[in-house]
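Chains as they are written, first to last, in UniProt numbering: chain P, 1 to 546; chain L, 1 to 546.
Derived from the structure by calculation, the hints contain no laboratory data. Do not take every clue at face value.
Because identical chains cannot be distinguished in the list, a pair is counted as satisfied if it fits within a single copy or across any two copies.
Claimed, not checked - Restricting the straight-line Cα-Cα distance to at most 20 Å, the calculated cross-link-like pairs of lysine to aspartate or glutamate (EDC-like) are: (1) 399 with 17; (2) 39 with 432; (3) 482 with 29; (4) 125 with 159; (5) 482 with 85; (6) 15 with 396; (7) 125 with 92; (8) 15 with 107; (9) 309 with 395; (10) 230 with 442; (11) 15 with 85; (12) 212 with 202.
Since this is a predicted model, take the numbers as computed values, not measurements.
There are 2 protein chains.
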Amino acid sequence: MAKTTEKPSKQRRPKAETPKGFRDYLGSEVTARKAMLDKIAAVYHRYGFDPLETSAVETVEALGKFLPDVDRPNEGVFAWEEDKDWLALRYDLTAPLARVAAQYRNDLPSPYRRYAMGPVWRNEKPGPGRFRQFYQCDADTVGAASVAADAEICAMLADALEAVGIERRDYVVKVNNRKVLNGVMEVAGILDPSDPSKFEAERGIVLRAIDKLDRLGVEGVRALLGEGRKDESGDFTKGARLGVAEQTVLMQFVDASRLIDERLKQMQETAGDESPELRTLAVGAQLRGNLRFRSILGTLPGWDELRNKVTIQILRDIVRASPSGLEGVAELEEIATLLDAQGYGPDRIVIDPSVVRGLGYYTGPVFEAELTFEITDEKGRPRQFGSVAGGGRYDDLVKRFTGQTVPATGVSIGVDRLLAALAAKGHGAKADPGPVVVTVMDRDRMADYQAMVGTLRAAGIRAEVYLGNPKNFGNQLKYADKRNSPVAIIQGADEAARGMVQVKDLILGAKIAASASHEEWKSQPAQYEVPLADLVATVRKILDAG
Amino acid sequence: MAKTTEKPSKQRRPKAETPKGFRDYLGSEVTARKAMLDKIAAVYHRYGFDPLETSAVETVEALGKFLPDVDRPNEGVFAWEEDKDWLALRYDLTAPLARVAAQYRNDLPSPYRRYAMGPVWRNEKPGPGRFRQFYQCDADTVGAASVAADAEICAMLADALEAVGIERRDYVVKVNNRKVLNGVMEVAGILDPSDPSKFEAERGIVLRAIDKLDRLGVEGVRALLGEGRKDESGDFTKGARLGVAEQTVLMQFVDASRLIDERLKQMQETAGDESPELRTLAVGAQLRGNLRFRSILGTLPGWDELRNKVTIQILRDIVRASPSGLEGVAELEEIATLLDAQGYGPDRIVIDPSVVRGLGYYTGPVFEAELTFEITDEKGRPRQFGSVAGGGRYDDLVKRFTGQTVPATGVSIGVDRLLAALAAKGHGAKADPGPVVVTVMDRDRMADYQAMVGTLRAAGIRAEVYLGNPKNFGNQLKYADKRNSPVAIIQGADEAARGMVQVKDLILGAKIAASASHEEWKSQPAQYEVPLADLVATVRKILDAG
Chain P
1 MAKTTEKPSK QRRPKAETPK GFRDYLGSEV TARKAMLDKI AAVYHRYGFD PLETSAVETV
61 EALGKFLPDV DRPNEGVFAW EEDKDWLALR YDLTAPLARV AAQYRNDLPS PYRRYAMGPV
121 WRNEKPGPGR FRQFYQCDAD TVGAASVAAD AEICAMLADA LEAVGIERRD YVVKVNNRKV
181 LNGVMEVAGI LDPSDPSKFE AERGIVLRAI DKLDRLGVEG VRALLGEGRK DESGDFTKGA
241 RLGVAEQTVL MQFVDASRLI DERLKQMQET AGDESPELRT LAVGAQLRGN LRFRSILGTL
301 PGWDELRNKV TIQILRDIVR ASPSGLEGVA ELEEIATLLD AQGYGPDRIV IDPSVVRGLG
361 YYTGPVFEAE LTFEITDEKG RPRQFGSVAG GGRYDDLVKR FTGQTVPATG VSIGVDRLLA
421 ALAAKGHGAK ADPGPVVVTV MDRDRMADYQ AMVGTLRAAG IRAEVYLGNP KNFGNQLKYA
481 DKRNSPVAII QGADEAARGM VQVKDLILGA KIAASASHEE WKSQPAQYEV PLADLVATVR
541 KILDAG
Chain L
1 MAKTTEKPSK QRRPKAETPK GFRDYLGSEV TARKAMLDKI AAVYHRYGFD PLETSAVETV
61 EALGKFLPDV DRPNEGVFAW EEDKDWLALR YDLTAPLARV AAQYRNDLPS PYRRYAMGPV
121 WRNEKPGPGR FRQFYQCDAD TVGAASVAAD AEICAMLADA LEAVGIERRD YVVKVNNRKV
181 LNGVMEVAGI LDPSDPSKFE AERGIVLRAI DKLDRLGVEG VRALLGEGRK DESGDFTKGA
241 RLGVAEQTVL MQFVDASRLI DERLKQMQET AGDESPELRT LAVGAQLRGN LRFRSILGTL
301 PGWDELRNKV TIQILRDIVR ASPSGLEGVA ELEEIATLLD AQGYGPDRIV IDPSVVRGLG
361 YYTGPVFEAE LTFEITDEKG RPRQFGSVAG GGRYDDLVKR FTGQTVPATG VSIGVDRLLA
421 ALAAKGHGAK ADPGPVVVTV MDRDRMADYQ AMVGTLRAAG IRAEVYLGNP KNFGNQLKYA
481 DKRNSPVAII QGADEAARGM VQVKDLILGA KIAASASHEE WKSQPAQYEV PLADLVATVR
541 KILDAG
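This is chain P alone, in the form it adopts within the complex (with noise of 0.2 Å):
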């Protein structure tokens, strides 16, 4: 068949979409996270925290990192040129802080501590469930080169997650320290303090693929200490080829956890559970963060007490040839020991050097919260629901602009991944409980409705008149269910001359609609008459009773 011409459009009209990559929030979705925030706002403020609002844009110069090359910025964020000056949209929440940290030095207390909660937006390839505007709420202290301040941080993110309904050991606090990692890499020979920039690429290639221990296990790691690794698809990723020496001392570390994971699977079967020995080796279960297992040890006698003070032991013994990385296990000491004292042990918080972060910037500290608890995957498996928080200490971000090193260290909530954990806890978003609806019977007597959702809302009864065309009713009935209203008002002009309203219970009559016979439905019992001075009693009646 001939394709048919097509007629010259007429003005084509625009698409109603947004653009690939974002997303609206409607109703119940902008009030669960909304009352999310407002909670983990309440636990920043009471430890003293600021709130901080920034502009939403920056100059690129000032966000760092992306510079512009000729034509335009890097990739990874919204970025364009106006007047000369290259503007961008703040991809998180930190640099925009540093910038702040820097501009009012001398006007900010210091230590100075801010929470901040709003959008941010990434320019990269969207996939389901990733978009590239999305909320982050941080908390950072900057001023305080104190470990402290990271301590604090820990204690203030259990908190929050459990002011926002996270119940204790359906969450843990991980902690580790960049330092460690380091003392591991220099002991291992990729790293030379005299010279940080020599193996850079190698010591990227290592941390990424201890990054990923849980998903490429533990030959993984090793294929990628040495020439590369395929993956399933057949891609290869390129290795750090190291020498021998060093994927040695490496893959001790990396493979402990695994030697200890089998043989406390041993010791389950033959050890009493009071054995020294099992606790011990408990702990290396726990470095690899397999929390199956700490769900059964965690209700050992002594376990909590005993698991942090364990792990420091084999970190000091890892990485004692390297001052820096036993001047990182000293810090998670301390990190421990304080938080100990403010009664957060490591039943909320565990020293776990698996534990990397991506972001470049770590000097100290990182920690990562952890949700333990299982949900069902895509494809029907259950897995760990993992992790909703991130951050660290980083010393240097403030540097950038003034020159002198500033310490700071803070936290940033993954709000949309939180959000998900507490649906799958059923704390999620609950359909909003819709308004009254005052439906209209004579388009004339709009004053009387009108009236009538006036003397609800002044009583604080959520109400409204229905406002489309009155004339088929069934609509109306259609629109309050649409709504999802717990009552329907109705008045013709015979109950107006009576002075009486229709009260319809649609929360009752929906229960009847779901489990009575036709025949009882038709009765209609959710629907009475009242006295129109009694419509705020009754409808506060079914309310209260809904």
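Put chain L on the given structure of chain P with help from the hints.
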């Protein structure tokens, strides 16, 4: 003198600055705005409106109005090209609503009542108090053709203003109707209903002139109807170049207010307060929004009841030859009647033909909330605070996407203006109460100090330990002062050994420092020692008294 040659600089440090026209909000600036928006949201919610949060980024195509030219879109928005699409930051919350109403038209309830709060961006020349990112706070009803929807918006706006702390008689919601304005244009011969594109430029000039009546005066407006007007700086604004007959009709409308004003002044000196003529003329003063008179006349018996009725009569007289003008007057009358039935009388909602509203897309009723109390302007002169919110009916905005007319009406509150108004009325941002500061006397006993703040926080008291360098104790007290702290806690080795803490009442201390002599101050009655176990009770007592 010879200019010294600059040395080739080392790598230049980035400037720690917001981009031109952008700003940061710190501490109580954030909490004050949030508190105000929460109160407004509660009112919107009670009226049955649902929250909506769209993405900050839209396609330029969906935003409309600003279409891309060859190189980049028109001025007014921040826009950039992305994968061959032009994207832009939203410049208001109405354009995204129109897109949402079209995109989800099959799923949204109809009518769809929604509220939205958030930043918008304008690529305009920044000025004092004028920023390129600012908050809007909107409520709109989409899909309701009835003026009952407009009336509801007006009532809700009044409730919202009172909810945030603007008292009755300190504000007025002015209502006009574009159809009335068009009726006047029609009568004046510069609007031909059968060919609306005719005289479009002339009408634009006339509308802008009427909108500026307060500033230009009657003669200024008259000049703009004719050849044009030269302002004080010598700049010439081209006029509408209307014929004498057209000018006469329009000036009759514009000038009526002035004549009535003048006669009113005479009447005030000669006539009794109860004179019906005085009342009628007072309406004329109201027409001009001359609220100096209103405050006198508002106390006359019967005045409130009369005002909107008489205004309606006068308007009906002016547009009697225009059917659409008469339709507009009838709509105004219906709005006033509906609002009266709900108790929103002309003490709060006033029909005022001087309201024009800039945006071209309004098609029916237009509203403006004006604050009527006086403030002192930057030159020390008293002036009325002025407009804080505006809106109206726009029946063609969704049509751009779907081809079908969708009636819509709504209002937008200028968040920064309203916050400034609250500040002017003394309800502004108060310095946030700072945290209790636990000072650090012995660096080694950080765990003890952390335990103290832990106890205070667990009791719901905002508290923190000093995390800066503790060496200089004076700095710790200066920090507490900068944080606006109510209490400082001090515990040295001596107190610790005895299980005691020093509690320093900084609120009382500041009062003493401000009023008492140096000798009295030195006796420090605002600091005392209590057992550690009484810490929470002692602090709470100070907070309750402060």
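- Message: Within, between, both or neither: how does the pair residue 399, residue 17 come out at a Cα-Cα threshold of 20 Å?
- Response: between (42 Å within a copy, 15 Å between copies)
- Query: Quick one: residue 15 to residue 85, C-alpha cut-off 20 Å, is that within a copy, between copies, both, or neither?
  - Reply: between (31 Å within a copy, 12 Å between copies)
- Item | Within, between, both or neither, where residue 39 and residue 432 count as close if Cα-Cα is 20 Å or less | This pair counts as both: shortest intra-copy Cα distance 18 Å, inter-copy 18 Å.
- Message: Reference check for the pair residue 15 and residue 396, CA-CA at most 20 Å: within, between, both, or neither?
- Response: Between copies only: 16 Å across, 46 Å inside.
- Intra/inter-copy verdict for residue 125 and residue 92 if alpha-carbon distance must be at most 20 Å: Within one copy only: 17 Å inside a chain, 27 Å across chains, cut-off 20 Å.
- Task: Using 20 Å as the alpha carbon limit, work out where residue 482 and residue 85 are close: within a copy, between copies, both or neither.
- Result: neither (49 Å within a copy, 36 Å between copies)
- How would you label the pair residue 125, residue 159 (within, between, both, or neither) given a Cα cut-off of 20 Å? neither (34 Å within a copy, 45 Å between copies)
- Query: Given identical chains, is residue 309 near residue 395, meaning Cα to Cα at most 20 Å, within a copy, between copies, both, or neither?
  - Reply: neither (27 Å within a copy, 69 Å between copies)
- With identical chains treated as interchangeable, where does the CA-CA distance between residue 230 and residue 442 reach 20 Å or less: within a copy, between copies, both, or neither? neither (74 Å within a copy, 56 Å between copies)
- Intra- versus inter-copy proximity for residue 29 and residue 482 (alpha-carbon distance at most 20 Å): within (16 Å within a copy, 38 Å between copies)
- Taking 20 Å as the upper bound on the Cα-Cα distance, should residue 15 and residue 107 be classified as within, between, both, or neither? between (48 Å within a copy, 17 Å between copies)
- At most 20 Å between C-alpha atoms: does residue 212 with residue 202 qualify within a copy, between copies, both, or neither? Only inside one copy: residue 212 and residue 202 sit 16 Å apart there, 69 Å across copies, limit 20 Å.
The structure does not agree with the numbered hints 4, 5, 9, 10 stated previously, though it agrees with the rest.
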